[in-house]
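**Q** Chain residues, written in single-letter form:
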Amino acid sequence: MSKYLQLIAHPQELRAVLQWAIWHEPLYPRDPSKESDNLKRCYELLGYTSRSFAAVIEELAPELREAVVLFYLVLRGLDTIEDDMTIPNTVKLPILRSFHELLTKEGWTFNGSQEKDKVVLEEFDKVIYEFSLLKPIYRDIIAEMTKRMGNGMADYCEDDDFNKKGVNTVKEYDLYCHYVAGIVGEGLTRLSVSGGSSDPRLLENPHLHNSMGLFLQKTNIIRDFHEDLLDNRKFWPKEIWSKYADSMEDFVRPEYTETGVHCLSELVANALEHVPDCLYYLAAVKEQTMFNFCAIPQVMAIATLELVFQNKNVLTSHVKIRRGTSVMLIMRATSVRETYNIFQEYCHKIHARNTPKDPNYMRISIACAKVDQFIETIFPTRKEVKDKIAKEEKPEETASTTEVLTIILLFGGTLLITSSLMLGVAWFFGARFDLAFASIKENFLGIADAARDEL
Amino acid sequence: MPAPISSVLIIGGSGFLGCHLVDLFYKLTPRPEIHILDIRPPPALSPNFYSFNPDDISFHKGDITDPDSLRAIFRVTKPDVIIHSASPVHGMGKDIYFKVNVDGTQTIVDVALEQEFWSTIKAVVYTSSASVIYDGSDLKNADETFEFPEVAMDAYNETKVLGEQIVLSANGKGAGLKTCALRPSGLFGPGDRQLVPGMLAVLKTNGTLFQLGDNMNLFDFTYIGNVAHAHVLAAQKLLDGDVSDVAGEAFFITNDAPVYFFTMPRTIWAHKGYVPKFIISMPRGVGMTLAYLSELFSKMRGKEALFTRFRVAFTCANRYFNISKAVKRLGYTPTVGLEEGVIKTLQWLDEEEAARNEAAKKEN
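Just so you know, the sequences run in chain order Y and L.
Read in this note's numbering, the first sequence has 633 at position 414, and its numbers run on one by one without any break.
Read in this note's numbering, the second sequence has 240 at position 246, and its numbers run on one by one without any break.
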């Protein structure tokens, strides 16, 4: 119920949700009639397990879509085994380390898991079958990434120190995030470049896709503090939290709220420092559906980061961005410029809430300013100002008499009320007046130019 | 390995930047001979912030507008690199700016190019200023492709532009002299008499609650030690074999960390234990009007106005730079972060104040 109340309180988001529900159509809709039952089942498995991203994955262009779905399901299978505390290490470790080989073992399934996503493992033979139908180049990428992640996960499972004490240094924090998210970033980048959707130069700058993964993973780690603590998982690096408390459990206690919030700030600053890389990466994604697929999680992450910044509730509960906000972000993040705008808006909100009381005040300010600076390098204002001066044209107005004014007031008033009602309804259902105005303006200027040329 | 420097002559070596230049050249191995040319000897410096032994440095009193004075010093010091960092402080007046920044620079370059010095003087590094491209409008992510304004904002900037042009056009002249210019922005650090002390002065007058503009404008402040570091790199590069991408070029030098303008004073105040309880922000237009009135009243009373339109504009403007060129070609990266720099500066100021109090006590 509160979900609906929230929507009413944020009409822009309500508008977004309605528009999405009523008008949205994928660029490349799936055609289930042409899909085998096996493939259909894979899409269903995706829907069961991935919740938020199933929709975005399904909108990808066909060839890559299948590769990404299978990559996702393979990783979900791997992750389910890793997360399952009921599987003893003697069983778990060999599976993790050889998971990339199991991908070609026809008919393999695993029935010993108690995790919520166990269905993927129980029907893994279907994944294996679809995997065998992929182009060899995609298969190789997925297998290699699976091998590296599986071994990385196994190393962490064997590391008693890590399991008992959690992440120690910031360097270890980056490495952990690399294993669980950076490698996924690399895999998706290679799939995307192979499919011709992204600029191949992305592969020459591996720190970019690593940052994409780290930014998402770190944001989740920051937000999920309380949930993870209840599960006895500690991902905040000790090198950071030990500056603010003697143990991570302290942060839940009211007397540690202030230092806990400061600790949050340091983690937020650390995550924000990945943003310029992420923005750089996004500029190199060429194909529209792939762009959306990459940009959406990123804008969700920056919105989440803004939500957790200086927010003491993170220490004692699970905070989440509103559903309406998500939908609005999904609708907006469809171009480089607009995605940058979203990032800039959230960074400015963070900057506005930043306070010198916080020991990380300057670091946060630098990190937000770096985002502004990066956007300025891609879209320089100097050029825009020049273009604007070149375009500017002011139409002259003629003076009106009192009579005309009276008539306008009488008849125009009625007209105004009616039309604004109509426009309001149109806006609510998704009319893009900004585009309409732009085109009217352009046409008008075009006519004015033509007229001047003739004289 | 960069080419070793055998002797460096630091013109203006007794100044704010000069002392840090001496400090960093002193740390090089092998250590070059270090000579200072200035109108006054270097001040007594705290060993907590400068590591060199003053006895190892030679001071030469000289006049950079007098060719004979320069020749004599060049003959004695035999520098392979000249660092030209002499510049009058702001507020000295147009004539002094022209005399030092233009005439002085021209004389230095002319004498250095005399045949007598062809075999010794290989390179000149000029300390320019980021303000050379300032035309009154916002500088967002400005880089070296931005041109000088047609009309300079003030006499100081005008003379810095001319000085830079004199030095850069001397590149390749004589026996292949190599030159470059560095343009630092918003210097602060130990020895600072303007920026950080100015912001601390606001703390004393309770001006911390006021904010001019919306504080969305970015500004580059630069720690003095990083600027000195860039000079050392530039000198080494110019002495290296193939330097076609450095010689004859200008480089912006910053901390590579622009911040929203008020972040800087508020960080300084916070380190002094003070955080404003609330902020009264004043739109730029209101600020400009008040500044105009303040200038008017001050003029009527025959005093110099402290709250000026220039200051309002400065506080509300974007002034930040893209230093990719220096990063790529000089191999420059700031070694001291912004906040670390602030802490060092405040420690230095505390030490200065303690020393002053001590001296005052002794007098009593």
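Source of the hints: derived by calculation from the structure; they are not laboratory data.
Incorrect hints may have been included.
Claimed, not checked - List time: in silico DSSO-like cross-link candidates among lysine-lysine, alpha-carbon distance up to 30 Å:
hint	chain 1	residue 1	chain 2	residue 2
1	L	Lys93	L	Lys55
2	Y	Lys505	L	Lys266
3	L	Lys338	Y	Lys589
4	L	Lys266	Y	Lys531
5	Y	Lys354	Y	Lys366
6	Y	Lys531	L	Lys322
7	Y	Lys462	L	Lys93
8	L	Lys338	Y	Lys576
9	Y	Lys457	L	Lys266
10	Y	Lys462	L	Lys271
**Q** Can you name, in rising order, the numbers of the hints this structure does not satisfy?
**A** 2, 6 and 7
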